[in-house]
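> Taken in sequence, the protein lines are chains V and F. With the working numbering, letter number 12 in the first sequence gets 616, and the count goes up by one each step, no holes. With the working numbering, letter number 152 in the second sequence gets 756, and the count goes up by one each step, no holes.
Hints should not be assumed to be uniformly reliable.
Identical chains share a label here; the pair holds if one copy fits it or two copies do between them.
Unchecked claim - DMTMM-like, lysine to aspartate or glutamate: derived pairs with alpha carbons at most 20 Å apart:
#1 K626 - D814
#2 K626 - E715
#3 K711 - E786
#4 K811 - E738
#5 K626 - E655
#6 K711 - E740
#7 K811 - E786
#8 K760 - E740
#9 K760 - D719
#10 K811 - D757
#11 K626 - E851
#12 K760 - E826
#13 K811 - E851
By construction, these hints were calculated from the structure, which means they are not laboratory data.
Number of protein chains: 2
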Amino acid sequence: MIQRVVRTAAALVIGNELLTGKVLDANVHALAGSLRALGIRLSRVVMLPDEIGILAAEVRRLSAEFDVVFTSGGVGPTHDDVTVEAVAHAFGVEVVLDPTLSDLLRKVYGERLTDAHLLMARVPVGALLCGSPEVEWPTPVMNNVWILPGIPDLFKLKLLTARAWLRGPTSFVTRALFVRLEEPLLKPLLDAVVARHPEVEIGSYPKWFDPTYRTQITFDAESAGAAQAALDDLRNLLAPSDVVRAE
Amino acid sequence: MIQRVVRTAAALVIGNELLTGKVLDANVHALAGSLRALGIRLSRVVMLPDEIGILAAEVRRLSAEFDVVFTSGGVGPTHDDVTVEAVAHAFGVEVVLDPTLSDLLRKVYGERLTDAHLLMARVPVGALLCGSPEVEWPTPVMNNVWILPGIPDLFKLKLLTARAWLRGPTSFVTRALFVRLEEPLLKPLLDAVVARHPEVEIGSYPKWFDPTYRTQITFDAESAGAAQAALDDLRNLLAPSDVVRAE
Numbered sequence: 605m606i607q608r609v610v611r612t613a614a615a616l617v618i619g620n621e622l623l624t625g626k627v628l629d630a631n632v633h634a635l636a637g638s639l640r641a642l643g644i645r646l647s648r649v650v651m652l653p654d655e656i657g658i659l660a661a662e663v664r665r666l667s668a669e670f671d672v673v674f675t676s677g678g679v680g681p682t683h684d685d686v687t688v689e690a691v692a693h694a695f696g697v698e699v700v701l702d703p704t705l706s707d708l709l710r711k712v713y714g715e716r717l718t719d720a721h722l723l724m725a726r727v728p729v730g731a732l733l734c735g736s737p738e739v740e741w742p743t744p745v746m747n748n749v750w751i752l753p754g755i756p757d758l759f760k761l762k763l764l765t766a767r768a769w770l771r772g773p774t775s776f777v778t779r780a781l782f783v784r785l786e787e788p789l790l791k792p793l794l795d796a797v798v799a800r801h802p803e804v805e806i807g808s809y810p811k812w813f814d815p816t817y818r819t820q821i822t823f824d825a826e827s828a829g830a831a832q833a834a835l836d837d838l839r840n841l842l843a844p845s846d847v848v849r850a851e
Numbered sequence: 605m606i607q608r609v610v611r612t613a614a615a616l617v618i619g620n621e622l623l624t625g626k627v628l629d630a631n632v633h634a635l636a637g638s639l640r641a642l643g644i645r646l647s648r649v650v651m652l653p654d655e656i657g658i659l660a661a662e663v664r665r666l667s668a669e670f671d672v673v674f675t676s677g678g679v680g681p682t683h684d685d686v687t688v689e690a691v692a693h694a695f696g697v698e699v700v701l702d703p704t705l706s707d708l709l710r711k712v713y714g715e716r717l718t719d720a721h722l723l724m725a726r727v728p729v730g731a732l733l734c735g736s737p738e739v740e741w742p743t744p745v746m747n748n749v750w751i752l753p754g755i756p757d758l759f760k761l762k763l764l765t766a767r768a769w770l771r772g773p774t775s776f777v778t779r780a781l782f783v784r785l786e787e788p789l790l791k792p793l794l795d796a797v798v799a800r801h802p803e804v805e806i807g808s809y810p811k812w813f814d815p816t817y818r819t820q821i822t823f824d825a826e827s828a829g830a831a832q833a834a835l836d837d838l839r840n841l842l843a844p845s846d847v848v849r850a851e
């Protein structure tokens with residue numbers, strides 16, 4: 605299988621249950637970690653309610669602006685599952701029953717199968733089904749939009765398929781330094797390091813309630829050498845007693 | 605204190621650490637629950653990296669479209685903290701040191717105070733400081749944009765202040781029914797109930813890996829009676845043995 609090279613990604617996370625505080629989303633975190641490991645930059649995440657018009661407009665916008673888009677949620681058979689229809693609407697196509705997905709549903713449910721089960725075989729006209737060896741159920745992909753389920757275990761499973769089909773143009777390396785100094789005292793040193801390593805993305809994260817360290821500094825780069833050089837540069841500006849550990 | 609009545613809200617969640625999978629965001633969930641309790645509808649959440657131009661454009665858009673906007677993150681003193689500048693940029697104003705916040709920082713840090721500490725006293729010109737009895741540190745509010753810190757404990761603390769200043773036009777009531785039926789079998793019954801209770805927002809959430817129930821049905825309405833009536837309507841369509849519990 606030849607992986608498609610994509611540089612940027614966006615996610616559209618769908619569900620009233622998230623926006624009303626009933627459920628804490630964990631899919632963005634799983635997606636973000638997977639994409640990072642592939643060298644793909646997750647650039648925008650949007651969370652929206654189950655409303656076709658709003659979702660369709662967002663799919664259209666994200667699909668045009670980013671190389672690949674992942675939707676999460678809204679793919680079941682009930683009235684509040686409107687993702688497939690919204691994606692279809694975004695691209696001006698109809699929704700049809702996919703024969704491969706229908707057959708899979710027939711295999712799973714046998715004589716218990718109803719018309720409602722078959723609603724889970726709906727895809728936008730023109731969608732491809734992407735599979736991978738470790739995931740039996742294929743994922744509908746409409747143009748550059750991957751339609752993933754919202755249930756966290758299933759979402760993560762489908763990420764394995766995405767990992768088989770997609771990769772970034774490069775890979776990211778992350779290093780981290782944990783220090784005892786608070787951010788305001790670190791700032792002048794950090795500014796110097798940021799200025800000297802423009803190719804490294806440096807993040808500073810205070811930890812207010814941890815007894816072991818006060819600030820985590822992260823170094824993200826496309827080369828391990830560059831990330832390490834920036835980390836070493838900062839470490840050399842610090843007293844050894846201020847450094848808790850490097851990762 | 606007279607609470608301002610707002611109907612819709614949006615959130616702008618800021619930070620490379622979220623989009624690279626280093627950190628799982630929990631602030632959206634906290635915000636969503638708080639707003640729901642206030643009767644305010646959280647309609648859109650956007651997660652973006654630490655880039656001023658991108659953030660400013662989004663603040664402008666969300667501020668125009670929704671009654672109130674909450675930002676999360678990017679308010680510390682380091683190079684990657686750009687939220688205040690982005691909000692200022694969105695409204696075409698400068699950033700200044702606020703004297704109240706400067707004094708608070710001087711009180712906290714005393715002789716240890718540096719110029720870097722004072723970066724945490726920056727606000728967009730024209731921002732108000734909103735306080736509340738239980739939260740000492742006031743929150744900068746620029747037009748309808750509440751600028752909240754990303755650290756989850758502090759974010760939650762600031763939500764107490766928001767709760768003192770804002771409320772929705774009504775309140776939401778949520779009921780739930782947990783049933784043993786899978787969604788495809790529920791669907792025809794659910795469609796009937798949805799059609800008969802247009803004033804109730806009905807959600808259906810399958811649970812794939814729970815031994816006690818297969819689907820949770822939620823009923824959200826502005827009146828307890830309406831939510832309860834829809835729940836009872838569905839319950840009457842089910843065999844008693846299919847119902848696990850109501851909440």
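> Can you give me the call for K760 and D719, within, between, both or neither, at a CA distance of at most 20 Å?
Result: close neither inside a copy nor across copies, 27 Å intra and 45 Å inter.
> If the cutoff is 20 Å on CA atoms, where do K626 and E851 land: within, between, both or neither? Let me know, please.
Answer is between: at 13 Å across copies they meet the 20 Å cutoff, but 35 Å inside does not.
> Checking K626 and E715: alpha-carbon separation at most 20 Å within a copy, between copies, both or neither?
neither (35 Å within a copy, 46 Å between copies)
> At most 20 Å between C-alpha atoms: does K811 with D757 qualify within a copy, between copies, both, or neither?
Cα proximity of K811 and D757: across copies only (10 Å, versus 30 Å in one copy).
> Give the relationship of K760 and E740 under a CA distance limit of 20 Å: within one copy only, between copies only, both, or neither.
within (14 Å within a copy, 42 Å between copies)
> Please work out whether the CA atoms of K711 and E786 approach to 20 Å or closer within one copy, between two copies, in both situations, or in neither?
Answer is between; shortest inter-copy Cα gap is 17 Å, intra-copy 59 Å.
> First find the shortest C-alpha distance between K811 and E738 inside one copy, then the shortest across copies, and answer within, between, both or neither for a cut-off of 20 Å.
neither (39 Å within a copy, 22 Å between copies)
> Check K811 against E851 for me: Cα-Cα at most 20 Å, and say if that holds within a copy, between copies, both or neither.
So K811 and E851 pass the 20 Å test inside one copy only (16 Å; across, 37 Å).
> Is the C-alpha distance from K626 to E655 at most 20 Å within one copy, between copies, in both cases, or in neither?
within (18 Å within a copy, 31 Å between copies)
> When Cα atoms must be at most 20 Å apart, do K626 and D814 count as within-copy, between-copy, both, or neither?
between (29 Å within a copy, 17 Å between copies)
> How would you classify K811 and E786 at a CA-CA limit of 20 Å: within, between, both, or neither?
within (9 Å within a copy, 43 Å between copies)
> For K711 vs E740, is the C-alpha pair at or below 20 Å within one copy, between two copies, both, or neither?
within (12 Å within a copy, 61 Å between copies)
Checked against the numbered hints above, the structure violates hints 2, 4, 9, 12; every other hint is satisfied.
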